[in-house]
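Visitor: Listed below, chain by chain, are the residues.
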Amino acid sequence: MITVTLNEVDYQLKKNLNEFTIGEFEKLSSIINNESLDRIDRYIQIFALLGIPSEIVEDLDSKVFFDLVSKWSVNEELSETEMQKEIEINGRTYQSFDTEFNLNVKQIKLIEKYIKIDMSAYIGELMAIIFKDTQLTSNEHFVDAHIKHKAKLFRENVTVDIAMPYLNYFGGEIFNNVSVLGKI
Amino acid sequence: MHIPTNWDEITLSQYLELTQLNPDDYESQIEFVIEKLAIITNSSSQDEYWEMMSYTELLKVLDSISFIQSSPPNKYKNVLLGKYYFIGYNQLSLGSFIDLEYYISDLSKFFSIVFRQKKQDEFDNDVFEPYSSYNLDKRSEILLDVPITHLFGLVNEYLKFRESIFEQYGGLFASSKNEDNFDEEFYKKHPELKQRIESDMKEDDSTKIEEQENKWGWERLLLHLANNDITKIDKILDMQLYFVFNIVGMRKELNL
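Just so you know, the sequences run in chain order V and P.
With the first letter of the first sequence counted as 1, position 143 gets the number 143 in this note's numbering; the numbers rise by one all the way through.
With the first letter of the second sequence counted as 1, position 87 gets the number 87 in this note's numbering; the numbers rise by one all the way through.
Treat the hints as calculated values from the structure; they're not laboratory data.
Keep in mind it's a predicted model, so treat the numbers as computed, not measured.
All residues carry an ideal CB built from backbone N, CA and C; glycine is no exception.
Incorrect hints may have been included.
To be verified - With a straight-line Cα cutoff of 20 Å, these simulated PhoX-like cross-link-like pairs (lysine-lysine) come out:
hint	chain 1	residue 1	chain 2	residue 2
1	V	K132	V	K148
2	V	K106	V	K71
3	V	K106	P	K83
4	P	K109	P	K83
5	V	K15	V	K106
6	V	K132	V	K113
7	V	K106	P	K118
8	V	K113	P	K36
9	P	K77	P	K118
Claimed, not checked - Computed Cβ-Cβ distance ranges for the label pairs, DEER-style:
hint	chain 1	residue 1	chain 2	residue 2	range
10	V	E156	P	E27	26 to 34 Å
11	V	F97	P	I3	21 to 29 Å
12	V	F97	P	V155	44 to 52 Å
Same shape as in the complex, but just chain V:
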């Protein structure tokens, strides 16, 4: 977190991965990856997401604006490298693996489906597919409505640093081997 003062008002800006929820990070990614925005507009929207109203940013002197831009960037250094295998929310436990993490075909199919639906907002679903409610059966885990419910829960309550090792696994293992899949 960094603190910036604009027009004598202090704003706390999140910058570390362990400060953003999955939902916030998805919105941030969506803005960063929006190619229809020019760079200035992009940062105006980013800062609006972080809590600085756009009319404040638009009124800033250009030097102050660029100073603000240079102070802020998402810090990925503090992201988790180890997979956290349990998440607890509202008294319920969600587990990603028992002894060793591995995705099965059904999970990969579902994750790919959600990536296709929205490339900038699938992390919630990815985590929902990976993390099972320990009180539900395997079939109940894969029900669409349950995945949607869990995705929303994780978006609001789980920080994106917890998701990063799983994202890296999916991106690395699956996408790096997509050429193997593609040849078959």
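Starting from the known structure of chain V, arrange chain P on it as the hints suggest.
Guide: Showing chain P alone in chain V's frame:
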């Protein structure tokens, strides 16, 4: 579940299913890959075996089926199921050749045309089952379970045979743009057809003629050979391909 590791373990039916798959019909690449695995293992892509398979295990399986990245080997057997014999392309009748041209994109029917039962006559000569004597659909169903490696090489052999036929007898298939004698003779005998084609012509005359001729190419040849007597066409279709083409070529050359 047995996972095949080479083309010898894939039947014609499975091969045809694989070639008809379209990746655009699937929501994800992995679904498409699982569908292929399901085909070659005679299982369903919805089977729990596939759904619950771990990703690392799937990669190992994909490695073992890497053979399907390439075409089946160019080999074939002369005898299938102990009773169907390859007749040899040089022994084709005109009718069989015409149908092979038509069925080249439907391999199960294609192979049904060239594999026949045979017996020996009283002089110990091989006599093949006549082409018109069996049902092509039923025969193609029988051949679906034959390994693709017992058949695939025949496709390449046919393409070479076909190329040699069109090289040797190409003049017999020229369009009227080239003022072919065959076409002149044909239109002399069937002036009503020429009149009909000319009355249909709108913009591109030569294209229209060529389209008409391409559409009715074989029928024209048969009608010409039968001297416009369609009751004779069946007999002509049963004649040896080389014999028919030699006769047509001779007539054309000698203006008979």
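Visitor: Going back to the hint list, which numbers does this structure go against?
Guide: 2, 3, 5 and 7
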